[in-house]
Amino acid sequence: AQKVTQAQTEISVVEKEDVTLDCVYETRDTTYYLFWYKQPPSGELVFLIRRNSFDEQNEISGRYSWNFQKSTSSFNFTITASQVVDSAVYFCALSGALHFNKFYFGSGTKLNVKP
Amino acid sequence: ETGVTQSPTHLIKTRGQQVTLRCSSQSGHNTVSWYQQALGQGPQFIFQYYREEENGRGNFPPRFSGLQFPNYSSELNVNALELDDSALYLCASSLTSGAGDEQFFGPGTRLTVL
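Protein chains in written order, with the numbering used here: chain F, 1 to 115; chain C, 1 to 114.
Bound conformation, chain C alone (with noise of 0.2 Å):
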């Protein structure tokens, strides 16, 4: 069985630019949701998708925006940059999108942004 995937580690990038973020959801799971996690911090929710529809949203502003696929898989966009916005970025996957479901976190991909 396939764990959650998250591409790519490490990014860099310059304020005011848009960045991408991918996950695969671990086989099965039909639910992916969002975290950031700054420096010394507990992971924050951005956002959560089910079924390709957005199920939720944290207190981050619009220019942070995902999508979900047919095969689950999903995509973080955030789009112009600020110093802020470095941090690390975990996705996380879960059988149903049922409160109390195990969420199965990936390695997270850490952005920079300069």
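Bound-form chain F, shown alone (with noise of 0.2 Å):
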């Protein structure tokens, strides 16, 4: 079975703190795929990076990071002096080799930056 748990329902923060997201995950597919997607008030989902299953480097991309642990099956993500702007709702997806391109979904972390 595929699964993605966050279980940080809503966080919040005061700008300029820094901010763990935490996504953990559940497949039997040796080769899948993570995401992490924002979801700003409009709706849409923006993407934010893709990891497979083979690549366990951690990525930096200006405040964002991901780190990614297979042996703890964790995915998370950390914004560095975090902007009011990063106020969003973010999710983190599975996809697995096995299951076309369906993404599995988790039920999302609520980040509200207060200035």
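Derived from the structure by calculation, the hints contain no laboratory data. Please note: incorrect hints may appear among the correct ones.
Label pairs and their computed distance ranges (CB to CB) [said to hold, decoys possible]:
{"no.": "1", "chain 1": "C", "residue 1": "Phe-60", "chain 2": "F", "residue 2": "Asp-18", "range": "25 to 31 Å"}
{"no.": "2", "chain 1": "F", "residue 1": "Leu-48", "chain 2": "C", "residue 2": "Pro-70", "range": "28 to 34 Å"}
{"no.": "3", "chain 1": "F", "residue 1": "Val-14", "chain 2": "C", "residue 2": "Arg-63", "range": "28 to 34 Å"}
{"no.": "4", "chain 1": "C", "residue 1": "Pro-70", "chain 2": "F", "residue 2": "Asp-18", "range": "48 to 54 Å"}
{"no.": "5", "chain 1": "F", "residue 1": "Ser-71", "chain 2": "C", "residue 2": "Pro-8", "range": "44 to 50 Å"}
{"no.": "6", "chain 1": "C", "residue 1": "Asp-84", "chain 2": "F", "residue 2": "Gln-83", "range": "20 to 26 Å"}
{"no.": "7", "chain 1": "F", "residue 1": "Gly-62", "chain 2": "C", "residue 2": "Glu-54", "range": "38 to 44 Å"}
{"no.": "8", "chain 1": "C", "residue 1": "Thr-96", "chain 2": "F", "residue 2": "Ser-107", "range": "25 to 31 Å"}
{"no.": "9", "chain 1": "F", "residue 1": "Gly-62", "chain 2": "C", "residue 2": "Asn-30", "range": "42 to 48 Å"}
{"no.": "10", "chain 1": "C", "residue 1": "Gln-17", "chain 2": "F", "residue 2": "Ile-11", "range": "50 to 56 Å"}
Yeah, the Cβ is synthetic: ideal placement off N, Cα and C, and Gly gets one too.
Can you join these two chains into the complex? Each is in its own frame, and there are hints to help.
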């Protein structure tokens, strides 16, 4: 079974604080892909990153960084020096190689960044 | 390059009615997926179309049906609407139907069933 768990329903931070959004996944596929999407109030899902199961290198893109650990089935997302514009709902998603391109989404984490 | 577009933006229907939602895929993309997102939840996969054929389906009843046209645009049809069908319906297109392909999402259609 494919499953994504985002245990943090809502997080509130003050601007410039660092924040980490957790994502834990379950899959029996040996080849799979993990994604993070951002959903602002407008509703459109915005792609942030994709990782495949064979690449455990952490990635940094500006203020964003991702930590992928197969040993704990986790793919966590950190925002450094958060800004008000980072306020949104963030979704982690999983796509298994044996399931065409069907995405399994977590329930999302709502991030509130206060000025 | 035009992104994924969806119409209408909002829709209000009554229980038992039928509804059609539309999606235009991003240029060059031959695969369209539909998702239902209930309030406060993550998107749930409905089905996927690849080159005009249904390529896979989630746990949704047959009253949810779809089409994909030769230009790769797509429709989602829902018959006999129920109150629980109230949700944001998201369309996503991808370059191929292959696993791991990035999906580009449209702004969604918010359906309210009264």
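Here is how each hint holds up against the structure:
no. : hint                              : verdict
1   : C:Phe-60 to F:Asp-18: 25 to 31 Å  : violated, 39 Å
2   : F:Leu-48 to C:Pro-70: 28 to 34 Å  : holds, 33 Å
3   : F:Val-14 to C:Arg-63: 28 to 34 Å  : violated, 47 Å
4   : C:Pro-70 to F:Asp-18: 48 to 54 Å  : holds, 49 Å
5   : F:Ser-71 to C:Pro-8: 44 to 50 Å   : holds, 47 Å
6   : C:Asp-84 to F:Gln-83: 20 to 26 Å  : violated, 37 Å
7   : F:Gly-62 to C:Glu-54: 38 to 44 Å  : holds, 39 Å
8   : C:Thr-96 to F:Ser-107: 25 to 31 Å : holds, 28 Å
9   : F:Gly-62 to C:Asn-30: 42 to 48 Å  : violated, 32 Å
10  : C:Gln-17 to F:Ile-11: 50 to 56 Å  : violated, 39 Å
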